[in-house]
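If you count by the numbering used here, then the sequence shown holds residues 25 to 494, one letter each, in order.
Heads up, a few of these hints could be off.
To be verified - Derived DEER-like restraints, expressed as beta-carbon distance ranges:
| # | residue 1 | residue 2 | range |
| --- | --- | --- | --- |
| 1 | Pro152 | Thr483 | 29 to 35 Å |
| 2 | Ser190 | Tyr238 | 39 to 45 Å |
| 3 | Gly372 | Leu240 | 37 to 43 Å |
| 4 | Asn66 | Gly242 | 21 to 27 Å |
| 5 | Asn300 | Gly372 | 27 to 33 Å |
| 6 | Ala282 | Ser190 | 38 to 44 Å |
It should be emphasised that the hints constitute simulated quantities derived from the structure, not laboratory data.
All C-beta atoms in this analysis are idealised placements derived from N, C-alpha and C, irrespective of residue type, glycine included.
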Amino acid sequence: MTHIDRRDFLKTCTVATLAAGTSSQALAYFAPTDFAPAAATNDTLVVVFLRGAMDGLSLLPPGASSPHRADYESARNNTRIPVSGNGAALSLNGTNWALHPRASGLRALYNANHLAFIVAAGQAQPEPVIRSHFDAQANLEFGFGGGTGNNVGWLTRHLASGGLPSVVPLPATSLGNITASSLLGSSDAITMNSASDFRLDGFNGSWEDDDPAYGLVGAVSRMHDLWNSNATQLESAGVETLASLDLLRPINFGLYNAGSNPGGYQPSGGANYSLNYNSSFGSQLRNIAQLIKSDLGMRVATIDLGGWDTHVGQGNPTNSYDYFGNQVESLSQGLSAFYTDLANSSSGNLMQRTSLIVVSEFGRRVVENADSGTDHGYGNVMLALGGSVNGGQIYGNFPGLANADLYQGTDVAVTTDYRRIISEALIRRMANPNIYYVFPGYSGYTPMGIFQGPDLLPTGYDSLFASGFE
25 MTHIDRRDFL KTCTVATLAA GTSSQALAYF APTDFAPAAA TNDTLVVVFL RGAMDGLSLL
85 PPGASSPHRA DYESARNNTR IPVSGNGAAL SLNGTNWALH PRASGLRALY NANHLAFIVA
145 AGQAQPEPVI RSHFDAQANL EFGFGGGTGN NVGWLTRHLA SGGLPSVVPL PATSLGNITA
205 SSLLGSSDAI TMNSASDFRL DGFNGSWEDD DPAYGLVGAV SRMHDLWNSN ATQLESAGVE
265 TLASLDLLRP INFGLYNAGS NPGGYQPSGG ANYSLNYNSS FGSQLRNIAQ LIKSDLGMRV
325 ATIDLGGWDT HVGQGNPTNS YDYFGNQVES LSQGLSAFYT DLANSSSGNL MQRTSLIVVS
385 EFGRRVVENA DSGTDHGYGN VMLALGGSVN GGQIYGNFPG LANADLYQGT DVAVTTDYRR
445 IISEALIRRM ANPNIYYVFP GYSGYTPMGI FQGPDLLPTG YDSLFASGFE
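Generate the whole structure from the sequences, applying the supplied hints.
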């Protein structure tokens, strides 16, 4: 008989519920799970994708003392982040870099040594450079340096090769309308707009409608009656699946309100996820934090913050309306709340075992365009956040902004492959050395020192499963 994994069964039940008409956005993808790699840690990796190609030179512009400042100012006028006067950038002590003035939360995290920036990062690929959003996002999420992918996400390969225990209630979550491509091909991933969607509520009545006084038996109780035996693998999977759902039933994912939702979630440490410009990003980060606190075994979570394709009217901090600044504020406030919440958990500092990486598909052109915006570029800035991040530092080799230093005379060059940064997180924080399986075609990994943790010899995983998800 074909082996039935509880996680596969759980996803099957969820998909069946979708077919029955539930409002949940959960999706499932099936893949082999009978692997026996080395044991994983209990850390969680959160990947924040800034979709649309964030302008790294506006988030992290050259500071007043930077040797690149003059070239930056000559390339930008309407999108320039000033270093003095109205809308001045936030200085980063001990560096030649500054931060957008709306990123005060990020600077506080940086100054506390919890946040690191990596400059000139991106897809180190042969020419021609991919400047299509669709293709560049796909290649990054499939784990390739360039060219074409194979419709299997790098996080899927990580979950397959990273030593995940055989029984985990919720290994991977993709917050959003659709599954992140980095998780395509995975039977471990649940996709949902919000954690409150993770319910079997596709019945005529609520699944909690047991009322013994009137002889009413709710749908979930009937499900327990249906799956009450371990006689077969199917029945055993059903019993364990309901046990997993029982873990989630008591969790109230709504925000605490003394009057309307007294049992709701109260973020720790005064963390405030009520963002001024992107409420869904804040609420989804809050859901991820709550799931981590719930200790359901979540190893991977993905979340998007879109709207970074600033060809027209990008803005700058001296404008009365600063579109890019609004985006930066959402990112900064959200990540600050997330860190504060988990670092002050009643279970201890959960940020010590949570690592968050921020990435975008590519950067923007160095020279602004005639529409007060910036066009598609190449090299960009990545962020690494966590209690086990060696923060308060700028990593990477910045090649310069002079014409002779630009890639193809137009863009910031890529000197750090994005896969190198993620590989260090997988090895040092997730204890998965199989990075050459996770990232096909990647080689020559060496750590940069961004993440704390032991180094493992990078490998390519068992050749028997080299195409296990294809």
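Task: Violating hint indices (sorted, rising) - done: Result: hint 4 breaks, nothing else.
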